[in-house]
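Whenever a hint applies, use it, and build me the whole structure from the sequences.
Quick mapping for you: the protein sequence lines, in order, are chains A and B.
Going by my numbering, 104 is the number at position 104 of the first sequence; the sequence numbering is gapless.
Going by my numbering, 124 is the number at position 124 of the second sequence; the sequence numbering is gapless.
No lab work stands behind these hints: they were computed from the structure.
Glycine included, each C-beta is placed from N, C-alpha and C at the ideal position.
The reader is advised that the hints may include incorrect statements.
Straight-line C-alpha distance at most 20 Å; calculated PhoX-like pairs for lysine-lysine [to be verified]:
| # | chain 1 | residue 1 | chain 2 | residue 2 |
| --- | --- | --- | --- | --- |
| 1 | B | Lys63 | B | Lys107 |
| 2 | B | Lys254 | A | Lys155 |
| 3 | B | Lys107 | B | Lys164 |
| 4 | B | Lys487 | B | Lys147 |
| 5 | B | Lys107 | A | Lys155 |
| 6 | B | Lys254 | B | Lys233 |
Quick list of the computed label-pair ranges, beta carbon to beta carbon [claimed, not checked]:
| # | chain 1 | residue 1 | chain 2 | residue 2 | range |
| --- | --- | --- | --- | --- | --- |
| 7 | A | Gly193 | B | Asp465 | 49 to 55 Å |
| 8 | A | Pro196 | B | Tyr59 | 50 to 56 Å |
| 9 | B | Ala266 | A | Ser69 | 36 to 42 Å |
| 10 | B | Arg452 | A | Arg201 | 29 to 35 Å |
| 11 | B | Ser121 | A | Thr57 | 39 to 45 Å |
| 12 | B | Glu124 | A | Gly193 | 30 to 36 Å |
| 13 | A | Ala55 | B | Arg452 | 52 to 58 Å |
| 14 | B | Leu53 | A | Pro146 | 29 to 35 Å |
| 15 | B | Tyr59 | A | Val140 | 36 to 42 Å |
| 16 | B | Ile319 | A | Phe288 | 33 to 39 Å |
| 17 | A | Tyr185 | B | Leu216 | 30 to 36 Å |
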Amino acid sequence: MTNTHLAYASNYLVYSAMAVYTFAMIAFAVEMALSIRTSSKLLVGAAGSESEVEADTAKSDRTGRIAVSLTALAFALHLAGVVTRGMSAHRVPWGNMYEFSITASMALAGAYLLLMKRLGLRWLGLFVSFVVLIVLGTAVTLLYRPSAPLVPALKSTWLAIHVSAAIISGGVFLLASLVSALYLYLDHRESMGGRPLWALRMPSLEALDLLAYRLIAFVFPIWTFAVIAGAIWAESAWGRYWGWDPKETWAFITWVGYAAYLHARVTVGWRGRRAAWLCLLAGSTFLFNYVYVNIWGTGRHTYSGL
Amino acid sequence: MSDADIPSIGAIGLLRWIWRQLTSMRTALFLLMLLAIAAIPGSLIPQRTQNPLRVQDFYVAHKQLAPIFDKLRLFDVYGSPWFSAVYLLLFISLVGCVLPRAFMHAKAMSARPPATPSNLSRLEHFVTWSTELDPTTALANARHLLKKKRFRLYEQNDSLSAEKGFLRETGNLIFHLSLVLLLVAMALGALQGCKGEAIVVEGETFIDSPTSYDNLTPGRFFNPANLPVFSIKVNQFIPVYDLVTGMPLDYTVKTTVTESGKSRSATIKVNHPLEFGSTNVYLQANGYAPVVTVKDGAGNIVLKGPVPFLPQDSNLTSIGAIKVPDALPTQLGFVGSFLPTAVMDKVRGGFSSFPDAFNPRLLLSAWTGDLGLDNGTPQSVYRLDTSKMTRIGLEGLSVGDTWTLPNGAGSISFDGWDRWVNLQVARDPGKGFALTGAILAIFGLMMSLFIRRRRIWVRVFSTDDGTRIEVGGLARSGAPGLEDEMKELVKALKEGAEQR
Ligand code: HEM
Chain A
1 MTNTHLAYAS NYLVYSAMAV YTFAMIAFAV EMALSIRTSS KLLVGAAGSE
51 SEVEADTAKS DRTGRIAVSL TALAFALHLA GVVTRGMSAH RVPWGNMYEF
101 SITASMALAG AYLLLMKRLG LRWLGLFVSF VVLIVLGTAV TLLYRPSAPL
151 VPALKSTWLA IHVSAAIISG GVFLLASLVS ALYLYLDHRE SMGGRPLWAL
201 RMPSLEALDL LAYRLIAFVF PIWTFAVIAG AIWAESAWGR YWGWDPKETW
251 AFITWVGYAA YLHARVTVGW RGRRAAWLCL LAGSTFLFNY VYVNIWGTGR
301 HTYSGL
Chain B
1 MSDADIPSIG AIGLLRWIWR QLTSMRTALF LLMLLAIAAI PGSLIPQRTQ
51 NPLRVQDFYV AHKQLAPIFD KLRLFDVYGS PWFSAVYLLL FISLVGCVLP
101 RAFMHAKAMS ARPPATPSNL SRLEHFVTWS TELDPTTALA NARHLLKKKR
151 FRLYEQNDSL SAEKGFLRET GNLIFHLSLV LLLVAMALGA LQGCKGEAIV
201 VEGETFIDSP TSYDNLTPGR FFNPANLPVF SIKVNQFIPV YDLVTGMPLD
251 YTVKTTVTES GKSRSATIKV NHPLEFGSTN VYLQANGYAP VVTVKDGAGN
301 IVLKGPVPFL PQDSNLTSIG AIKVPDALPT QLGFVGSFLP TAVMDKVRGG
351 FSSFPDAFNP RLLLSAWTGD LGLDNGTPQS VYRLDTSKMT RIGLEGLSVG
401 DTWTLPNGAG SISFDGWDRW VNLQVARDPG KGFALTGAIL AIFGLMMSLF
451 IRRRRIWVRV FSTDDGTRIE VGGLARSGAP GLEDEMKELV KALKEGAEQR
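Laid out in structure tokens, this is it:
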């Protein structure tokens, strides 16, 4: 039933993607290091003329562009790995936790590449490549399962609809959490006297704050849809659309968390630190659902294959 | 004024105050968060409705804690009074806060945009320039452009008020009202619905009446007369397994359905239930039922037919009990394991290596004595109460084998096996409303998140060096984008002037 050649190809592609993400991460780190050097030169106000600083800036800019190209290449390999994984089992590539992880991390990298130009996100590259590598690393070491067809309960078009919406939401929630965490850290450093050198060229606190808000306003309807699609599927598979299964319960809690975030911002006018904490809190309920309920949970939703 | 009047006014005032508090948005949000928090224990502590066996395990493992948990209804969080209280308060709060807002909004929709403020330059967005056009033409141009953009307009002498984005509030109200609809739908399902399960062996017929369920949980206001009358004959259950890994690939139940006197054949699959109105029949689980013939000491056939066993692992090693209360001279009982593809191992003993029945074996231990069926306490059909019985032997049988029991107690033959399916019958009259509510909620949400409410005013007046145009803008919800919209308008107005 499964095509082992394709399954092997998928594994190699995922490993290659990890290698290229590593190079991309290194390039992003070098970019950051170069910009620290430039910034520190500027700060000291000493050494070197304007042209020297300009040359440095150009160098870090070039490195940044190389890093983005590497990320794009890694993403292409990653995408190919995910697609071949799906083809090897003749189905969508998110039937167990390994597959969910490789697809969700792909969604994160994809969201980054897609939004980079429009929202000016290149500076996030180091964090994004790092998180993608962590997720992929966990997936290939701890969560790996051989490619296999689906158990009957997962044979439904709703698998494609419900899980893809959840994956997109997960990727963007993660991105928003990263932005909020960075906000809190930089806010703390600024109140202590100033940003660390590596963060000097990152966007202002207000811009980070607004970015997190926009990301969440963008995915909240998608997440709502994911939960509803899950309920419709549960109705056809289990005979009830809502049963307070642990996975459902925590999806609801995540939903309330982000609804509270949006509300707090729009109607009560929360900004900045408090909003960022709320964003992290909501993000952690999503993570809890993903890790705890999949691995140690008891409900009917444990398709991790572990 | 008597003393008694003051408290009575006070009481009404207090009630009004409570109502206002309860229906404020802050309270609604607080209750929603409370509902989320109240839901947490149910996801961490085993729940009776979901997993009664784990609740029993919990009782064994935490002897002191369990009774306290039980008092607090922590094993049944989602049916507990405190959870229902939060749910009901949220419901009241939502209704009390959304309905008045809906009326207000309906009124606002038909009202005209507010008159142009006297000083536009104080607004957040403000642009002004001079043009050669005469004031009337300039204003007409502005009206034309804004109308094309579907702003609602209000014309005054020398100025124009324009407003757009009412759908934001409309969407918002749709969203909140659909939450109310969802809550109603869930309550309807819980109160008027019902859920039951029945194990049906191949060849048997399930008739939908309260007595034929193995367990039935009706809602508080469920009326059995509302059950549609149907019967389902299970002809065959066909599982497909991956030959290498033994993973199940597909389950199909072939049935003959009889409904209002008419019969038809139908299949049930895991994601494809049978539907009878708002009642659905689902395939929940499956297993084996070894077919046996038991003769007692007197040589009479006292049991003949399939006995459902419970699967224990993914290779369907199944255990069960065969109870023969009518055997003479003493009652007979067997504790059995059914191994669909039996492998005998020195270390592990017998186990099943594949879920399909390639080499079925039935391992039995036979008991005589009192089955304990008459003392009134309900017994599991899968377990033998051996407290008043003695074991008389152990044997492993292949299909066709007969085991003659020691001491002339009788015999048992392993004639073959059938499969059984566990059918779940669920009736939920609220689910259509729930789906409607959910879909409306998404639409309302998108409208309220992505539509911006904004106002634009245009004023024109003559000055010494031609006509002066002032444009001011205000975004109600602080959303970005109005600036671009105004730039576009100003550009179009200027271009219009050049073309003339
Ligand atoms: C009960 C009284 C409630 C009132 C009066 C109320 C009012 C509002 C208002 C005025 C807005 C729009 C803010 C704006 O656009 O200016 C809004 C948005 C929203 N509300 Fe509520 N709300 C209530 C309860 C709830 C509840 C229980 C939820 C549960 C999830 C909720 C979820 C949302 C969401 C997700 C938004 C969209 C984000 C936003 O625009 O703020 N609301 N609500």
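Output the numbers, in ascending order, of every earlier hint that fails for this structure.
Failing hints, ascending: 1, 5, 9, 13 and 17.
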